[in-house]
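Make one complex out of these two single chains by using the hints.
Protein sequence lines correspond, in order, to chains L and V.
The numbers in numbering that gives the first Met the number 0 rise by one with no breaks, and the one at position 97 of the first sequence is 96.
The numbers in numbering that gives the first Met the number 0 rise by one with no breaks, and the one at position 310 of the second sequence is 309.
Worth flagging that the hints you see were computed from the coordinates, not collected in a lab.
One should not assume that every hint holds.
[Stated by the list, open to error] Derived Cβ-Cβ restraints for the label pairs, each shown as a range:
1. L:D411 with V:R284: 28 to 34 Å
2. V:D400 with L:F4: 56 to 62 Å
3. V:Y311 with L:V54: 44 to 50 Å
4. V:A138 with L:I21: 41 to 47 Å
All values derive from a computational prediction rather than experimental measurement.
Note that beta-carbon positions come from the ideal geometry of N, C-alpha and C, so glycine has one too.
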Amino acid sequence: MKRLFRALFAAGSSRAVPPVVIGFFFLLYIGIAFFTDETLITLMTFTRKSLILAVLLALIPLNSVFRLVRETIRFLRMRSALSGKTKEGVEEMFDEVVEIAVSATAPALESRLAAVGYKTRRSGNVIAAWQGISSFPVRLFFLAGTFCLFTGILITTTSRSSLRKMVVEGDPFPTQNGSGGTVERITLANSTGPILSRTLTMEVAPTDSGSRKRIFGLYPPSRHDGAFIYPRYLGLALYLRFTAPDMPAGYEAPSFLNIYPPGKEENVVIPGSPYRVVFNIPEPESGSERYISYMSGDITFRFKLLKGKDVLFTGSVPGGGEFVRDGFRLVLPDVRRLVVTDFIKDNGVLFIWWSALFFGAAGVLWLPIRGLFPRREMLFRFDQGVTTACSFADGGARKHAGVFHEMLDMIDAKRVETPVI
Amino acid sequence: MVAVKLIPHILSWAGIVLVLLRGFPGRRSVVTLTSISGFVIGVTGTFILFRSYPGTIPFGIVKSALGVSFLFLWGISVAVIYRSTGRGVSIFRGERLVNTSLCAGVVACLASMVAGAVCACRLPATDSTALTFILLALAAGALAYTLAYAALAFDKLLSPSYTVTLTGMLVAVVALLLCSSSSVLRLDLFSPLSMKVMKGVHDFVHQFMESILIPDHLFVRSYVWNYIGLLFGKEVGFWGGMVIWFTPAFLIALAIRFERLPSVAHIRQGAQRRTLLAAAIAKRRYRLVIPVLSVAVFAAAAYQSRFPSVEYWDPKPLPVTASPAGEIFIPKKGEIDLEDGKLHKYLFKQGGREARFFVLMTPEGRLTVDLDACAICKPDGYGQAEGSVICYYCKTLIPLDTVGKPGGCNPVPVAFTEKSDGVVIDGMALINSWGSTVQATARVKEGGK
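One chain only, chain V, in its complex shape (with noise of 0.2 Å):
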C-alpha cells in the first residue's frame, strides 16, 4: 500500500530528473549523480527529522522549502517577462554562471533532496533503528539509480529540437514538486494559499473602502453590497489563489512568446530571411512546450488540493439535551469514548435555536470542547484527518495539538467542566457562543463591516 502511494512521488522525480537532464544539456552526468545523493539525502534526512522532532516540525520545514521554491518562480517569473517586453532591459549578469557544472549540480540536487522529503512524508511512522536507516537509505539509492538511469535513456532517445529554457526547467521543477506534494495533506500549498488569500482580499477591501471613505452598507444599495460581498465569498480565495497558482508558468511562456526575433534585416534575400525567422518562430514553439505542460500539472497539483483522496472522519452530530439546571452532560464512556482521539460531534437545541460542538481528546491528552464553527469562515464545521482536524470551509488544517486554543481558523473553544466520568457545559452559554460566532462570520460574508 505504501508502495503504491509512492509511486507519483516517485515519478515526479523521475520527470524532475528528466526536465534537469533537458535543461542542462552538456552536464548530463553531474546530473545524474547530483540528482541521485540529493534524493537519497532528502529521504534519509526527513526520516532523522521525523525521528528527532515527531509533530508538525518536519511537515512545516519541507512546506516552507516548497514555498521558497514557489516565492523564488515568482520573482524568475517576473524577471524574465520584464526582460522579454523591456527594450534594452538587462537583469541577468549571471547566465554564463548558471550554465556551470557548479550550478546544475546544485540545482539537481536542491530539487531532489525537496522531491525526496516529500517522499519520506509519506512513509509510515516506524522504529528508527540504525537498520531501519541503513535498509531506507540503501533502497532509496537503489530506486533513484534506477530512474535517474531510466530518465538519461529517456532523454537520449528525445529529439535534440525539444530544447528548454532554463526558466522553463525551472517552472516545470517546481510544477512536479508542487504536484507531488499536493497529495499530502500537510505538505499542500494549494489550500492554505487559497485562505491566505480570501482573508488578503477582504482585509485589502475593507481597508481600501474605509481610505478612500466609502459609506457603510446601510447607506448603499443592496445588490451594489451583493456584489461588494462577492468579494468576501470563499470563491474569491480559489480564484484568486489559482491566478497566483498559475501565474508564473503563463509569465514564462509569455516571456518565451514575446521574446523578439533575430533582426534579419541585413540579408537581401527574402528567402533565407523567412527560413531564419521560421527556424526562429519554430525554435520558439519548441521551448513552450515545457511551460505549457508545466501548466498542466500545476492544474493537476490544484485538483488533487481541492479533492483530495483523503476521507475525514466526520460523524453525524447526535443531539444532546439540557438538564433543568441548564447543564449538558456527556459522559466519557459509553456507546461514544471520548477519549478514543477522534472528533466526537453533538447538537444542542433550545426554543428553536441551536449549536453544533465537537469534543476531542488531542494527542497530549486534553480534553477539548469547541464550537463546529471557526471565528472567521461560514460554520460549514470540521473533519479530522491524520494529525489535524480541517475547516470545510477554506480548507484549512489545524494541528490536533491547536485545537482548543482560540485564534485564527481554530475551531472557537466552549468552556465546559471535566468530571471523572464526562463533561459538563452550559447550554445557555453554548448557544449563545454559536449565535454571536455565526452572527460574526455572517456579517463577514456580508461585507465584513
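In isolation and in its complexed conformation, chain L is listed as follows (with noise of 0.2 Å):
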C-alpha cells in the first residue's frame, strides 16, 4: 500500500505532467480547428460535457499540489542536512558529491569558505556552506499560482452559470427569486481613473428594514446571491403608445431597447399589424460626451416608421413628449435608464484573480534572486578519516563549481602532508 502510494505520489507530482496535459489540449484544439471556426468555444464546451476531459485538466491542479508538497518536503530535509540534523539520503538533494579519505582542518576550510563570500555553519562533523537566496518562496507562489489559475479554469469551464436580465431604473433588481430590492437609481459619470472612462452605478434599496441598501459598480464586480453583476451594455426602457389611421384602437406596451452606443438601430414591432417602428438615439455634437443622454435623463429617440418595408416618415420624439403626424401618434410617456446585465454565477473567477497575484508575486521575487543572488550550497561531512563533500547551485553554477573544486584540493592537500594509513 505505501509503495503503491509512493508510486502515486511520484507519477502526479511529475514534472511531465502539465507539459503533456497542455499538450494534449493543444493538439485537441489543433484537430478541432480543422472543422470549426470557433476553435477555443468548441473546445471549452467539450471539457464541460466529458468528465474525462475535465478529469485531465484537473491533473494540473493536482500535480501542483503534490509538488509543492514534495519541494515543501525537500526544502526542509535540505535545510535539515545543512544544519548536520539529517544525515541520510543527502547526497541525492545535491548536484555533485566526492568522497576524499582525508578528514579537513574544519577551522580552515570555514575561513577560506568566509573568505569567498560564503556563510558557514559549523555543527558537529558537518560543516555547511551557503550564499544567495532560495528561490524556494518564489517556487511556492508559482505553484500556488499554477494551482489557482488551472483551478479557476476548470471550474469556470465546467460549472460557470449566466443568465442575462435587464436591470431598470424603478423596477424590482431581477433576482433568481425575486426578491431584490427596488432599483433607486443608475447612474452614469465620467470617471478620472487611469483604467476606466467611465463609471457605472446601480443603487438597490433594501428589500426589508433588516437589511441594507446595496450599490452594484463596475470593477471588481459585486456578487449578489452568489451570482457576479456583470454590466455589460446600456439601454432604455420605455412604455410606447401607438395609434394608425387604420388601427385605431392603439397599442400599448412596455419595451426595453438595447440602443446605446448613440446610432444603434433598436426595433419595436406592433403586434398584429404591419408597422414597425426603429428607433435610435442621435450622435450628440462632436466633442461633447457621446453618452451625455443618458447620464443626464435628457432623451430624444429618433425614429423611422415603417408599414412593411416602407419608410412611411422620420422624426424625433422626446422621452416624456409625443408625435402626430397623419393620423399616426407616438407616444412615449416613460423613459427609464436600463442597464443590460450578466448575472454570472462562476466560483472559478476567485482563483484566476488570485493566480494573477501569485505570478505575480512570483515575478516580482525570481528576477531578482535568480540573476543577483542565485542560491549555492556545500556540504561537509567527516566521519572516520572521510570527507564527503555536496555541492548544489541554482545558478552561477560554474563558479560556485570553482570554489567548490577549490575546497576539496585544499582538503585533499592535507592528505599529502599526512596520509592516511
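As C-alpha cells, this is what we get:
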C-alpha cells in the first residue's frame, strides 16, 4: 500500500504532467480547428461535457499540489541536512557528491569559505556553507499560482452559468428568487481613473428593514445571491403608445431597447399590424460626451416608422413627449435607464484573480533572486577519516563549482601532508 | 523552368541527407539507401496521388505530413528542455533504440518521402501514362543517387568534431522540409499558422476578458482599449506565428546549452579538470551549430512565406452603376469574359457609400459573385493564384472550388441572378452587405466585442 502510494505520488508530482496535459489539449485544439472556426469555444464545450477531459484538466492543479508538498519536503530536508540533523539520503539532493579519504581541518575550511563570500555553520562533524537566497518561496508562489489558475479554468469551464437580465430604474432588481429591492437609481458618470473612462452604479433599495441599501459598480464586480453582477450594455426602457389611421384602438406596451451607443438601431414591432418603429439615439455634437443623454436623462429618440418594407416617415420624439402626423401618433410617456446585466455564477473567477496575484509575486521575486542572489550550497561531512563533500547551485554553477573544487583541493592537500594509513 | 524551380527542393533534400549522415555516423550505408528509396517513393507516390485525386487532396496529405513533423518536433523540443533543466529527469528510455539501423532507416526514409512529395508538388500536370511514370521514377532515382553520394562525399570531408545530437538532427531535417515546402503556396505552413494564431489569440483574449468579468469597451479608456486592440491585429498573428515557428529550434539549442558539464570534482589536478571542462564546453558548442543554423533555415522559410515569389492576379476594380430599378448588370462577354476562370473585380458607388466585389467562374463551371472581403479580416481584398484565391490580410488560401460558400475567411457571397448574357446584382443589397461586413470586421479590429 505504501509502495502504491509512493508510486502515485511520484507520478502525480512529476514535472512531465503539465506539459503532457497542455500538449494534449493543444493537439485537441488543432484537431478541432480543422472542423470549425469557433475552436476555443468548441474545446470549452467539449471539456464541460466530457468528464474525461475535465479529469485530465484537473491533473494540473493536482500536480501543483503534489509538487508543492514534494518541494516543501525537499526544502525542509535540505535545511535539516545543512544543520547536520539529517544524514540519510542527503547525497541525492545535491548536484555533485565526492568522497575523499582524509579529514579536513574545519577552521581552515570555514575561513576560506568565508573569504570567498560564503556563510558557514559548523554543527558536530558537518560544515555547511551557502550563498544567496533560496528560490523556494518563488516556487511556492509559482505553484500556488498554477494551482489557482487551472482550478479557476476548470471551475469556470465546467460550472459557469450566466443569466442575462435587464436592470431597470424603478423596477425590482431581477434576482432568481425575486427578492431584489427596487432599483432606485442608475448613474453613469465620467471617471478620472487611469483605466475606466466612466463609472456605472446601480443603487438598490433594501428589501426589508434589516437589510442595507446595495450599490453595484463595475470593477471588481459585486456579488448578489452568489452571482457576480456584470454590467454589459446600456439601454432604455420605455412605455410606448402607438395609434395609426387603420388601427384606431392603438397599441401600448413597455419595451426594452438595447440602444446605446448612439446611432445603434433597435426595433419595436407593433404586433398584429404591418408597422414597425425603428429607434435610435442621435449622435451628440462632436466634442461633447457621447453618452450625455444617458447621463442626464434628457433623451430624444430619432425614429423611422415602417409599414412592411416602406419607410412612412422619420422624426424625433423626446422622452415623455409625443409625435403626431397624418393620423399617426407615437407617445413615450415614460422612459427609464436600464443596464443589460449578466448574472454570473462562477467561483472560478476568484481563483483566476488569486493566480494573477501569485504569478505577479513570483515574477517580482524570481528575477532579482535568480539574477543577483542565486542560491549555492556546500556541505562537508567528516566521518572516520573520510570527508563527504556535496555541492548544489541554483545559478552561477561554474563559479560555484570553482570554489567547490578549490575546497576539495584544500582538503586533499592535507592527505599529502599526513597520508592516510 | 521546372528544373530551376526544383533546385531549392532538391538542395534541401541533399541537406537533409547530409544532416542524417552526421546524425547517424555509424549507419551511413543504411541512411544513404533508405534516403534514395524514400525520395523515389515520395516523388512517384505523390505523382500517382495527383493523378488519382486531382484537386486539393494530395496537397492536403503532404501538408498534413509537414504539420505532423512540425508538431513532433515541438513535442521533442519540450521534452529535451525538460530533461536538461530538471534534476534527475529521465524522459527518453529508448535512446538505445534510436541509435539502431532500423530507426536510422525509418527516419531517413520518412524524411526523404516527404521531401520527394514536396518536389512532386512542383511538377506540372501531365498525362498519366505508364511511360511518364517510369521516366519520372528513373529520373528521381538517378537524381537521388547522385545527390546522396555527393552528400556522402561531403560528409567525409567534414571534421569528426562537428557532431550532431539526435534532436539537432531532427530540428535541421524539419527546418529543411519546411523551407522547401514554404515556396509552394499550397504547402506553406507559416501563413495558415499566423492566421490561426490571430484567430486563437482573438478568441482567447475575448474569453479571458469575459471570464474575469472585465467591463466592456464603453466603460474603458480608449487608449487602454487601443492597447487591448493590438492583440486583435494581424501583427499578433505574425509575431505569434514567429514564436511558435522558432521555439522548437530555440528550445533544442537551449537544451544543449543547459546540458550539465561532466562532474570533475573527483579529479584533484586542476589542469586536468580544466582540460576536461574545456573539451566538454567545446563539444557542446559544436553541437549547437546545427540548431543555430536551423534557426536561419526556419527564418528563410518564414521569409518565403511572407514574401512569396508568386504573382497574384489582382485586377483593378472596374466602376459599375445600377439601373433606375437599382440593378447592376454585368455582361458575360465583352471587354471582359466572366467565364475565363479569372477573378474580375468591380466597384459600385451609391449615395456616398461603396462596395467592392468580384465575379469568378469556379473550376466546376459555376459563376459566383462575392464581396472583395471576408467576415473575419480587414477588407484588404483577394488575389488569385493557381487553384486558389488569397486573403491579402491574413494570407489564407481559399481553394477556388469553395469560393462562393460562406464561412471562415471565404469571400462573403452576394445573391445574384444569372442570365444567359450576364449576371444581375441588387445594388442596395450589395451596399448593405458590404456595410455590415466591413462594420463587423472593424469591430473585431477594435476589440471584438
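Right, here's what the structure says about each hint:
1. At about 31 Å, the CB distance of D411 of chain L to R284 of chain V agrees with the hint of 28 to 34 Å.
2. For the hinted restraint 56 to 62 Å between D400 of chain V and F4 of chain L, the CB-CB distance of approximately 59 Å keeps it satisfied.
3. Between Y311 of chain V and V54 of chain L the CB atoms are about 49 Å apart, so this pair conforms to the stated range of 44 to 50 Å.
4. Evaluation of the 41 to 47 Å hint for A138 of chain V and I21 of chain L yields a pass: the beta carbon distance comes to about 46 Å.
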